[in-house]
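Q: Residue-level listing of the chains:
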Amino acid sequence: MMKHQRDRDIHILAAALVPIAVLGFATRGDAQHYESGQSPIIVRRHQVPGAIHDYRRSLPEARPPFRGFRATIFNTLGAPWPFDVAGPSRDPQIDRARQLVASRLARDGLLVTLAGAIEVLGPEKFIDSRAATGSQATPAASAPPQNQVDLLKSIGLPVDLLRYFHVSAGGENSPSAVVEHIAKRLLSGATLDALRSELRQIPFLFSQTLPGFRVATESGENEIGTVRLQLTRGAYWQGPGAGGNLDLARQLIEQLPNADFIASIEEKHLNQFLQLARGWSLLRPDRLTLLPERLPVAQWAQDNGKAGIVTSATAGGGTDDAAMPAGIATLVPRYAGRREDGSMFIPGESFLMDSLAATGHTVIQSPLLFQGGNLLAVRDPATDQRLLLIGEAEIYRNTALGLTNAQVLEAFRIECEVDRCIMMPAVSFHIDFDVCLRSHHGRMVAFVNDSPSASRIVLALGVKALARSSLLDDASAQELLDDLEARRPVPFLNRLGPVLGRQMDAQGRFSISFAKVFAVSEVDSPVGNLQRFLLAMDTFVHGHIRPTDRHAEAYLSTFRRRDADRRALDSLLTNLGWKIVGVPSLADGDRSINYLNGIHDRSHYYMPSYGGLFAPLDEAAAEVFQDELGPEIAVVPILCGESQRRVGAIHCSVNLYPPSP
Amino acid sequence: MVGICVLLFALTPLASAQTPNVAVQPSADDEIDAVEQEVLDNILQQPVGDTTLESLDLPLPFLRRVAGRIIRSSYQHRYHVVVEDTHSASAGDDGSPNSANGLAPPGGPATDMNREQSSLNSSKPSRYDEHSLARTWLYLLGLGIVIGTTVGVVILRRGRRAR
Chain A
186 MMKHQRDRDI HILAAALVPI AVLGFATRGD AQHYESGQSP IIVRRHQVPG
236 AIHDYRRSLP EARPPFRGFR ATIFNTLGAP WPFDVAGPSR DPQIDRARQL
286 VASRLARDGL LVTLAGAIEV LGPEKFIDSR AATGSQATPA ASAPPQNQVD
336 LLKSIGLPVD LLRYFHVSAG GENSPSAVVE HIAKRLLSGA TLDALRSELR
386 QIPFLFSQTL PGFRVATESG ENEIGTVRLQ LTRGAYWQGP GAGGNLDLAR
436 QLIEQLPNAD FIASIEEKHL NQFLQLARGW SLLRPDRLTL LPERLPVAQW
486 AQDNGKAGIV TSATAGGGTD DAAMPAGIAT LVPRYAGRRE DGSMFIPGES
536 FLMDSLAATG HTVIQSPLLF QGGNLLAVRD PATDQRLLLI GEAEIYRNTA
586 LGLTNAQVLE AFRIECEVDR CIMMPAVSFH IDFDVCLRSH HGRMVAFVND
636 SPSASRIVLA LGVKALARSS LLDDASAQEL LDDLEARRPV PFLNRLGPVL
686 GRQMDAQGRF SISFAKVFAV SEVDSPVGNL QRFLLAMDTF VHGHIRPTDR
736 HAEAYLSTFR RRDADRRALD SLLTNLGWKI VGVPSLADGD RSINYLNGIH
786 DRSHYYMPSY GGLFAPLDEA AAEVFQDELG PEIAVVPILC GESQRRVGAI
836 HCSVNLYPPS P
Chain B
86 MVGICVLLFA LTPLASAQTP NVAVQPSADD EIDAVEQEVL DNILQQPVGD
136 TTLESLDLPL PFLRRVAGRI IRSSYQHRYH VVVEDTHSAS AGDDGSPNSA
186 NGLAPPGGPA TDMNREQSSL NSSKPSRYDE HSLARTWLYL LGLGIVIGTT
236 VGVVILRRGR RAR
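Protein sequences appear in the order of chains A and B.
Numbered per my numbering, the first sequence spans residues 186 to 846.
Numbered per my numbering, the second sequence spans residues 86 to 248.
Certain hints may be false.
From the structure, some residues in chain B lie toward chain A, with a derived Cβ separation under 10 angstroms [as the list claims (entries may be wrong)]:
hint, residue
1, 119
2, 126
3, 128
4, 136
5, 144
6, 155
7, 164
8, 167
Derived DEER-like restraints, expressed as beta-carbon distance ranges [unchecked claim]:
hint, chain 1, residue 1, chain 2, residue 2, range
9, A, 801, B, 117, 36 to 42 angstroms
10, A, 235, B, 139, 37 to 43 angstroms
11, A, 224, B, 139, 52 to 58 angstroms
No wet-lab data here; the hints were simulated from the structure.
In this text, a Cβ means the ideal position worked out from N, Cα and C, and glycines have one as well.
Same shape as in the complex, but just chain A:
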């Protein structure tokens, strides 16, 4: 209770101080060389005034109760957007209006909900008094005062989206104009029901937040000039080769010698990281810029921003992705978040963009909600169109703001400057775990998960590991391998079940000493590998057994439904005229061994690899890519096993920008 009260006080204080303070800190970026002379690492500290920092710290990781919430990374709106109700208001009408917005915005849409809220609050409040009394007023002057729009903002409406609804051709285009239009209609006697169809006719004309921005395509057209990373630690998790966050960063720095790197890192890890990075091959001065942050930083740089460029060509309407960029830029969401069932705000992931902007990097905050890993921009060489594939969750984040599906697709099309948006089913959470697209020899190639193949390889490797440890005799191991080869899941399960059963304790748990059978090096993960082996068994047998237990049946039926979703995804990609190529790859949350979550440049595919026991699976996947892409494209494995055990890989961990001119 005390904490709540304190947090509310901080919110109120910050509301007053932020507008002043932001003006100050925007110019206080402070470059500090790590070492004197020509250091390969530069540390750029961005000072955040205490009041702003306290406000930011007070924001929880949670789904914002106020749907319209927007992270105030810039002071564009004058005051922070409300996150939560500060307590019961003295005005029951305001409480009713808040409740209406929270419960009806997604269902009724923004304008109908706005009309309902205005009706609850009293339409007369939203008409300028001079206009209402018939005094001479200009159209701008007759609009409701800003504090009335702020009132609507304070009940959770995303009022910033109102400006895209054009209530009159050629008329004023602002939230105030929309509010006034609806208030007048209500005052003239129109009922909400009557307004419902009328409001649906109002044109939605989204305008790009920064004209000239275009999201970078990721299908192999571009060289990599700059890589943005986020570092979560100061030291390796386990060590080089384990594929954790820092190990992944180190490998990218080694494998992309022409690229510069910029990385956010929580301040408390900075010194330890600097010690570690002394041993890295950074090649040249200022190659790695570090941006220390006071709030926690997660690994997934892809999700809190989408890389792009601002080009003179695009400003003039050009379409060449390879055009020399006037500058690189990052499009960031309304607020950075996690999860797909609603959007869980992660404060540090939004606010670290201030440090990035302070380096001179162009940061554009979109009014749209998105997680970048679920947006994949490509250029289809067959049609020369720029396409944006959008995982369905990104659509529903924005319909929750009161937009329709069509409006969301159109908004993304304009915001990212692509020719077309295509919604894709969320087969594996984010689409960058479902598909890897490469423009190749005039055709788009879509690499997709071939889980059955992957599971058989994983099982074969596990069976061999069991045999090496004498938990299986050679004859039994060969029978199991034959079952795999002949795709006989039921005999396989019947042979292997008792072997595994003997390794379980009375509660059905495996011991770590048994798990170690599945590890082949110090940085290999015994538990992670055993878990993948068990997942592979489920993948192999799921269509062939019917457990009597309802939970097991429910579990296995999810595999069957996902198979159907994958077939639907393949059909969708095939219908685009794209070539489908299956890669032995598993996409299953923290049990994944995924090879699609890589990155392209013009002559390489940097492929996630798992290493250790499953190194032969890495090789099998690399062979598929290599066979398809030919010798002119090098397939470069990047170890990221530990990252995969945390539901991410390479693409999830980076933003890629083309070279600056």
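Given the coordinates of chain A, work out where chain B should sit on it, guided by the hints.
A: Below, chain B without anything else, positioned relative to chain A:
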């Protein structure tokens, strides 16, 4: 009670895992079963301020895909469990129970889908022999005896207090 259940499991012959599986036709997977329905309900009942996630009006096909991920994750975290040889649960340096060594280091997972696990409350010990009808019935029989005994003891005690 837990001890008796464990004993029952221990007495259950591991040989039951050798019971031949019978290949079956896939079920009609567009039907929502009770477990999936429970997970869907849990998803929709998550609070968002004064309302719940139901207010986001998420389409059912999407929700079912989300529910599928939750069911898979929950099941795997419950039944694909690895413990230290002393049977203390293994954990990473951030205390997460389940990653590689196992174990998610700080930095946080990209997804957090573990809050809806309450729908998977089975305490069945084994993944790969659940098709063994005999073992299931043994389990249920044992559970029934334990519950019956517990209820009986409680009633007896209450009766004594009342006197």
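Q: Give a verdict on every hint.
A: Quick rundown of the hints versus the structure:
1. Restraint check, residue 119 of chain B versus chain A: the minimum CB separation of about 6 angstroms is within 10 angstroms; hint holds.
2. Interface hint at residue 126 of chain B: violated, since its Cβ lies 13 angstroms from the closest Cβ of chain A, which is beyond the 10 angstroms cut-off.
3. Of the supplied interface hints, the one on residue 128 of chain B holds, with its beta-carbon coming within about 5 angstroms of a beta-carbon of chain A, less than 10 angstroms.
4. The interface hint given for residue 136 of chain B is met, as the beta carbon of that residue sits about 5 angstroms from the closest beta carbon of chain A, less than 10 angstroms.
5. For residue 144 of chain B, the interface hint holds, since its Cβ comes within 10 angstroms of a Cβ in chain A; the closest pair sits about 7 angstroms apart.
6. For residue 155 of chain B, the interface hint holds, the least distance from its beta-carbon to any beta-carbon of chain A being 9 angstroms, beneath 10 angstroms.
7. Nearest Cβ of chain A to the Cβ of residue 164 of chain B: about 7 angstroms, under the 10 angstroms cut. The hint holds.
8. Below 10 angstroms, beta-carbon pairs count as interface contacts, and residue 167 of chain B has one with chain A at about 5 angstroms; its hint therefore holds.
9. The given range of 36 to 42 angstroms is respected by residue 801 of chain A and residue 117 of chain B, whose C-beta atoms sit roughly 39 angstroms from each other.
10. For the pair residue 235 of chain A and residue 139 of chain B, the beta carbons lie near 40 angstroms from each other, so the given range of 37 to 43 angstroms is met.
11. Distance hint check: the CB atoms of residue 224 of chain A and residue 139 of chain B are about 54 angstroms apart, consistent with the given range 52 to 58 angstroms.
Violated hint for the displayed structure: number 2, the only one.
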